[in-house]
Amino acid sequence: MRCVALQVVVAWCLVQGFNSQMRRTNDRQGQCTYSFTVPGGPQGGCPDTQDTGSTVLREMETLQTRISLLEKAVNQLLGAEGKVTPASSHGADIQAEVQRLRMEKDEWEGQRGSLEMAYTDLLKDKHSLQEEKQQLSQRLERAIRGHCPQGSDVSRPMDQQLAPRQVSRWGTDQVAYQELKSELTALPASRMIPETQLANHSVDNIRIGGDCGELVWIGEPKTYRKADSIAGKYGVWMRDPEPLSPYTLDTIWRVNTVGADIRQVFEYENLDQLVKGYPAKVYILPRSMESNGAVVYKGSIYYPRRKSRILAKYDLKTESVAVQKELPNAGYHGQYPYSWGGYTDIDLAVDELGLWVIYSTEKAKGSIVISQLDPKTLEVKQSWKTQIRKQSVANAFMICGTLYTVGSYSSSNTTINFAFDSHTGVQHQVSLSFKNQYGYASMIDYNPTEKKLYGWDNYNMVAYDVRLSKM
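Counting with mature numbering (1 follows the signal peptide of the UniProt record, and there is no 0), you get residues -17 to -1, 1 to 454 for the letters of the sequence shown.
The hints are simulated quantities; they were obtained by calculation from the structure and are not laboratory data. Among these hints, one or two may not hold up.
Derived SDA-like pairs: lysine to any residue, alpha-carbon spacing no greater than 25 Å straight-line [said to hold, decoys possible]:
(1) Lys216 with Gly242
(2) Lys359 with Glu250
(3) Lys209 with Ser271
(4) Lys435 with Gly74
(5) Lys435 with Thr398
Just need the whole structure built from these sequences, with the hints factored in.
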């Protein structure tokens, strides 16, 4: 501190214009001694000591007073710059604590919002599961009442009486994979529904087109590829029977239909690329499709939208939705699926006559309704109601304006058991052998150009040759 004060004095002398000198020496005791000299004013020589003693004392006192004032000023200056007062330090701590508390508050509010959203989603899922459980219980009760005999038929010999039917062991808890197991164990529809002639609608305006006839034979399934993951347990694959440029008859389309957000459509240039697993392009639909009821026809993919009776036409070339149209009164999302479940309420199909949709309504009481659609507008051109319960058959497809149904999705050797001719309104039983090679056929569609059935059987993409009778 004294050194600082001495430096301040020297600085003051320089400011005042004095030529000062400072020396540093060691005294006899080894202490450092600083000598500071300032020349006096102009005089004739050094005055006598006795005459100037009082003057020197006064000047020294004045100098000491000034030095004391300078030291005090320096001390105040150093104190203000060298340390923070307790008050200012306390204020800074308070501000830091407030800022920290605000950040914690924002974080907790964000977590609370996330928890509230998760809770709301859980409530919705719970409500949906309760509704599906109730629907399953009602369907099972109706099925048991309608198809299980309450007593023995006394008109039959005892060895010919039917054994009690057992409820299917398939679970109903795999909602994430669209499983709605609603059927009883294999009870062929042909035993439940008699041959019936229907005359609900006129068919005068429907004429056979192309090389048509009745289905008389189905070949063995040929496997082309197996899906790579659980997402491919169910699916749909097909060719466009009437492709538009830039697509060809060789172009293949595939959709994996396991999950709640089915939006990816894979395009393959040809069968070889499908087998190798090299898609040429992947399309992302703007809205999810429901199950595997989609078809590709004239350069567009037609599909039912998720949890809706709305049909959508997606133009593959422009990658945009061209048309959306509600299918009047159609059941959807588990109301009238095929026997294997899977939300297969609305199933689109293509044959020699054009675009069709297979579904049911409340008015039809679960029986299959087929409607021919205008592919440009998705307007219903004409509809027919059959007497085939949709939930009693595993799948259905159209050939030359005739609806054909499959008896079982799981039996390795089942049959095409029913046919409904829209030209005559006649429904009759058939018994054409059909093989489910892998034990879970979830999709069967007809290609009128190739005269083949395309199928999806438990991860496997298969195809069947067919033979039609001559008209």
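Checked hints:
1. Lys216 with Gly242: With Cα atoms ~10 Å apart, Lys216 and Gly242 stay inside 25 Å; holds.
2. Lys359 with Glu250: Distance ~22 Å between Lys359 and Glu250 Cα, so the pair holds.
3. Lys209 with Ser271: holds, 23 Å
4. Lys435 with Gly74: Violated: Lys435 and Gly74 sit about 84 Å apart, past 25 Å.
5. Lys435 with Thr398: holds, 17 Å
Hint compliance for this structure: hint 4 is the single one not met.
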